[in-house]
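Chemist: As you go down the protein sequences, you meet chains A and B in turn.
Heads up, the first sequence is in the UniProt record's numbering, so the first residue is 1 and it goes up one at a time.
Heads up, the second sequence is in the UniProt record's numbering, so the first residue is 1 and it goes up one at a time.
Rather than coming from a laboratory, the hints here were simulated on the basis of the structure.
We put the beta carbon where it would ideally sit given N, CA and C, even for glycine.
You may find that some hints are simply not true.
Stated by the list, open to error - Using 35 Å as the maximum straight-line C-alpha spacing, the simulated DSBU-like pairs for lysine-lysine come out as follows:
no.	chain 1	residue 1	chain 2	residue 2
1	A	K31	B	K230
2	B	K293	B	K320
3	A	K31	B	K26
4	B	K264	A	K31
5	B	K320	B	K26
Said to hold, decoys possible - Derived CB-CB ranges, DEER-like:
no.	chain 1	residue 1	chain 2	residue 2	range
6	B	D318	A	R89	56 to 64 Å
7	B	T3	A	N56	55 to 63 Å
8	A	L58	B	A238	52 to 60 Å
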Amino acid sequence: MIQFTIEDRNGERQPIEIPEGINLSLMEVLKASEYNILATCGGMALCATCHVQVLNGLETLPEPQDTELDMLDTLPDADSDSRLACQIRVDDTLEGAIFRIKSEEPV
Amino acid sequence: MITTDICIIGAGPVGLFAVFEAGLLKMRCHLIDALPQVGGQLSEIYPQKPIYDIPGYPSINAQDLVDNLMEQIASFNPGFTLGERVEGLDRQTDGSYIVTTNEGTTVHCQVVVIAGGLGCFEPRKPEIVNLERFEGKGVAYMVKNPEQLRDRRVVLAGGGDSALDWTVFLADVANEVTLVHRSDTFRGAPDSAEKVFNLARQGRINLVLQSTITSINGNGHLQEVSITAKDKTVMTLAADHLIPLFGLTPKLGPIADWGLTIDKSAIHVDTTDYSTNVERIYAIGDINTYPGKLKLILCGFHEAALMCQSAFRYVHPDQKLSFKYTTVNGVPTF
């Protein structure tokens, strides 16, 4: 099992356990876990509505690709620890990581 | 006032296809969209992305699908109000509706169909103290008329293509142009980034990198912008206009206040006809929700077809609807 933590917009943290070998993105896990995020573009790094801040474990994640960096660059509140959840595959590099949901809450 | 049978809010693929299905049943449509062009998410977010699950098309680019839909509905002559956001909905005594936009356009219709995808795409607003106070008083999120900025002091914020392009353009128009960006590099088009750096080297624009705008002030109209650098130093800049360019984000908007049953930005519908809890208002496509809902264009097309069969009774209450395949009559226009 892969274990990581999600901090919601209210600062509440919830541990998440995902079996290894499941081909999901972090965005898909967030949606499946009933977190209120839009993920408008469906995972193409085109809308930034799945913006997360990596509070722990940033260095172990695979480097962001150009499309992700391009989109992050358009966000007013992105920083060096920002990532798009749709571009992060859930695998053992996420073990122990902590993600804070940064995208705006849908009305 | 515009008069039509069905007012469709949202000109994305599902809204466009609803025009076709309505046209087959002799119902006229008028579409309203906050974006300046048709196509919704497809045209705005991913026009060049291929879509693989449209029946009959092993692969089709998003914009090509929009173009084909426009060709498919052309014979039904739908009306379009683009670049305006629906604000008001007034039910008339006979059950019909008058839909009003933020620009004052009014549409009288028998049926309202919400095909708004994920809602209106609105400018993404940065956290700047007093930002909303100066909207329309120096703060704007797009450049509608560059001439209004001629010989003025303009501050732009952002690091994407829009911020770069407008910085280059306004360098020849405004009296003073300042671009503020939180990073020290730009990931927009390399050519545009190079032009911006060249303009800064020539002293034709001010480039403030590794910084963000934190507050703005003025006496009735914007007068100054406070910029905080990563090292926490603060500088104040005189400015007449601030244009934050951080892209668009979807919002449900005024639809949320229409008494519809809404859960997590989606409208509950009856799957027999995709009607909402409010009579004569339907919701189709990504904006609705029901058990088993799949946010797929092809599901939205199906919903549009069933919606029209149901809406017919309001538009033609004195006629009996008999279902026919298009292979029987072809595509009869008005």
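Chemist: Hint by hint, say whether it matches the structure.
Modeler: Evaluation of the provided hints:
Between K31(A) and K230(B), the direct Cα distance comes to roughly 34 Å. Compliance with the 35 Å bound is thereby established for this hinted pair. As the CA atoms of K293(B) and K320(B) are separated by approximately 30 Å, the hinted pair is consistent with the 35 Å bound. Between K31(A) and K26(B), the direct Cα distance comes to roughly 41 Å. Violation of the 35 Å bound is thereby established for this hinted pair. The straight-line distance between the Cα atoms of K264(B) and K31(A) is roughly 12 Å, inside the 35 Å bound, and the hint therefore holds.
Straight-line distance between C-alpha atoms of K320(B) and K26(B) comes to about 13 Å, which keeps the hinted pair within the 35 Å bound. Range check, D318(B) to R89(A): about 59 Å between beta-carbon atoms, so the 56 to 64 Å window is met. The beta-carbon spacing between T3(B) and N56(A), approximately 60 Å, falls within the hinted interval of 55 to 63 Å. The hint said 52 to 60 Å for the Cβ distance between L58(A) and A238(B), and at roughly 39 Å that hint is violated.
Taken one by one, the earlier hints fail for this structure at numbers 3 and 8, listed in ascending order.
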